[in-house]
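Q: Using the hints, build the complex out of the two chains.
For reference, the chains in residue letters:
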Amino acid sequence: KNEVEQSPQNLTAQEGEFITINCSYSVGISALHWLQQHPGGGIVSLFMLSSGKKKHGRLIATINIQEKHSSLHITASHPRDSAVYICAVDRGAQKLVFGQGTRLTINP
Amino acid sequence: EAQVTQNPRYLITVTGKKLTVTCSQNMNHEYMSWYRQDPGLGLRQIYYSMNVEVTDKGDVPEGYKVSRKEKRNFPLILESPSPNQTSLYFCASINRAGTGELFFGEGSRLTVL
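So the sequences go chain by chain: A and B. Read in order, the letters of the first sequence are residues 56 to 163 in the numbering used here. Read in order, the letters of the second sequence are residues 2 to 114 in the numbering used here.
Hints were generated in silico from the structure; no laboratory data involved. Every clue listed holds true.
Listed next, with one range per pair, are the computed distances between beta-carbon atoms:
no., chain 1, residue 1, chain 2, residue 2, range
1, B, Thr21, A, Glu72, 44 to 52 Å
2, A, Asn65, B, Ser81, 33 to 41 Å
3, A, Val99, B, Lys18, 31 to 39 Å
4, A, Ser106, B, Glu107, 30 to 38 Å
5, A, Gly83, B, Glu63, 20 to 28 Å
6, B, Thr21, A, Glu122, 39 to 47 Å
7, B, Asn85, A, Ser105, 31 to 39 Å
8, B, Thr21, A, Thr67, 34 to 42 Å
9, A, Lys108, B, Asp39, 31 to 39 Å
10, A, Glu122, B, Gly17, 47 to 55 Å
11, A, Asn65, B, Thr100, 29 to 37 Å
12, A, Ser105, B, Leu12, 34 to 42 Å
Computed from a predicted structure; not experimentally measured. Heads up, the beta-carbon is just placed ideally off N, CA and C, and yes, glycines get one too.
If we strip away everything but chain B, and leave its shape as in the complex, we get (with noise of 0.2 Å):
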């Protein structure tokens, strides 16, 4: 089955405990972006990459790094976070070589103390 999986769905941590979330996709695909959701906000582009080792910043990346050393995985790293992160975080990949339909992962809620 075609999926986007992210991990943890549910964290509550403490400000300046460093933090990952995962990112997998088993779809080959090249396209994977970040986002995240806010009320009244909406969703917002953190970073995105084309390929290994090719990323990118989106419109909110401060406070945020990525990494993609392989095609599937395209983790979130929060190295410092702080209470304004907390958000529902979504993963996304894209078929650019076929449909171009977005495949997104079932979204992770943080909350930072």
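Extracted from the complex, chain A is given alone in its bound form (with noise of 0.2 Å):
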């Protein structure tokens, strides 16, 4: 089992609706990073949380240290957000673990 999974793997939606992608992990993390990967190629951060909750514009980043669990939501969603949500945990000793990703794609 991989130590960080991210649900669901693929999400397809219509532009306006709000999204949310999950990550959960099993390993003792100090922080999780939301990531945001385009096609061709190039890699983003979006948010680093070690608690609570975070917003950026249309994006809110939570995590729930004892559960283990966070989301990634998107409010008034655009074509422009199509692109791969990537969850990574750093498990300290500078360790960090990547889930599979999350390919997001909205309509117009």
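A: Spelled out as structure tokens, the structure:
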């Protein structure tokens, strides 16, 4: 079983819909990262969380340390949000473990 | 502009021909790391470095070497590349002294024939 599991693996939605991507992990962590990877490959950091909730524009990330679970929400989704979203946990000792990614497609 | 720069972006080579993928960051970050990304396997850590002259193995270090002689550079060396090292490689640095944000290079797509 992977240490980091994301769901769903693929998600297709219509423009304007509220999107939720989930990340569950099975190890102790010091922080959790949400990343975005557009077609063409570049990876951009969206959030780094160690507790609670963060918001940036239409993106919201939450983490529940006790339940070992994090969610990434996108409000008022837009076709430009189409990308692969990757959860990564920092296990401490400078080691990152990545989820498999969620491929999001937003149709106009 | 804060950035991590990798070169080359694309490379096709043959088995056994030594190659180096360079990585440079301009943010004075102490922590740098290399990852490879393969379909179905996601991103996996190859090597990381916590500071100059301090490096350690990640989850898939076999067939790779690294060095960290200066803070800004962290090259990945494939002494004798093999076809199973065909992959998309990313270098990253982390602002551990500040926000903890991850900064990735643009990726290097390597094909070993």
